[in-house]
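Residues in the sequence shown are numbered from 1 upward in steps of one, following full-length UniProt numbering.
Note that these hints are calculated values from the structure, not bench results.
Possibly wrong hints are sitting among the right ones.
[Unchecked claim] Within a straight-line C-alpha distance of at most 25 Å, the following computed SDA-like cross-link-like pairs (lysine to any residue) qualify: (1) 120 with 162; (2) 120 with 68; (3) 200 with 173; (4) 120 with 59; (5) 120 with 16; (6) 120 with 20; (7) 120 with 73; (8) 200 with 190; (9) 200 with 162.
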Amino acid sequence: MGRLTLEETMRAVATFAVQAVPGAEGAALTLREDGRPDTVAATSDFVAGVDRVQHTFGQGPSLTAMAEQRVLTSDSLGSEEQWRQFGSRVARMGVHSALALPLVTAEGVVGALTVYARSKHAFDSRAAHLGRLFATPAAIAVQNAQVLAAATRTAEQLRRALEDQAVVERAVGILISRSGSSPAEALDRLRQLSQAEHLKLLATAERVVEEAARTARARRQPPPEPV
Numbered sequence: 001m002g003r004l005t006l007e008e009t010m011r012a013v014a015t016f017a018v019q020a021v022p023g024a025e026g027a028a029l030t031l032r033e034d035g036r037p038d039t040v041a042a043t044s045d046f047v048a049g050v051d052r053v054q055h056t057f058g059q060g061p062s063l064t065a066m067a068e069q070r071v072l073t074s075d076s077l078g079s080e081e082q083w084r085q086f087g088s089r090v091a092r093m094g095v096h097s098a099l100a101l102p103l104v105t106a107e108g109v110v111g112a113l114t115v116y117a118r119s120k121h122a123f124d125s126r127a128a129h130l131g132r133l134f135a136t137p138a139a140i141a142v143q144n145a146q147v148l149a150a151a152t153r154t155a156e157q158l159r160r161a162l163e164d165q166a167v168v169e170r171a172v173g174i175l176i177s178r179s180g181s182s183p184a185e186a187l188d189r190l191r192q193l194s195q196a197e198h199l200k201l202l203a204t205a206e207r208v209v210e211e212a213a214r215t216a217r218a219r220r221q222p223p224p225e226p227v
């Protein structure tokens, strides 16, 4: 099997949580993105709707589980004093039970995995125990996927930077061939052109390279046949 992307890993973790926890009808995975909690995977539309309510009011089991790093179980969300607005709204949506599991690694909390059910008292002590057992490898899988995704982004940024540098170096070489200037002088000339054109250095370099390529192609074209 090929390597999963970050998004695919998040969806897989949420899907397996529904299978691992008795009574679960859906699951949502919440991670902290740019300092803010965000639901990155939901197994069904009703779960996505529940988490939208949670983020709208800034309260709910996933957010509390992440903040306090503890497992939370609610048998009747509509009766929860700590999440009055959230609980009241999702109860009207027909969702009454939740089991929120913080995803904790040696480096700290990486997110929360919350399973939901439409019935009340859906998650007993066995469900909570199995949820805890599932949360440990799930946290590691999520963290590893995040690290891999970050490394992939860094590698892509480096590749693009190297490609951009190659274009600039080609443009500098073209200017050197035209004027006989030194590399430093040609680079200064390229910078002056970019400032005069109100373009980034890379865009000006691309223009210089493209113009040189067009000129070279025109020179290679055979002369027109005499009439």
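Outcome of the hint check:
1. 120 with 162: violated, 57 Å
2. 120 with 68: holds, 24 Å
3. 200 with 173: holds, 18 Å
4. 120 with 59: holds, 20 Å
5. 120 with 16: holds, 22 Å
6. 120 with 20: Holds, because 19 Å separates the two Cα atoms, which is no more than 25 Å.
7. 120 with 73: It holds: about 11 Å lies between the C-alpha atoms, which stays within 25 Å.
8. 200 with 190: holds, 10 Å
9. 200 with 162: holds, 16 Å
Figure legend: structure checked against the earlier numbered hints; the only hint not met is number 1.
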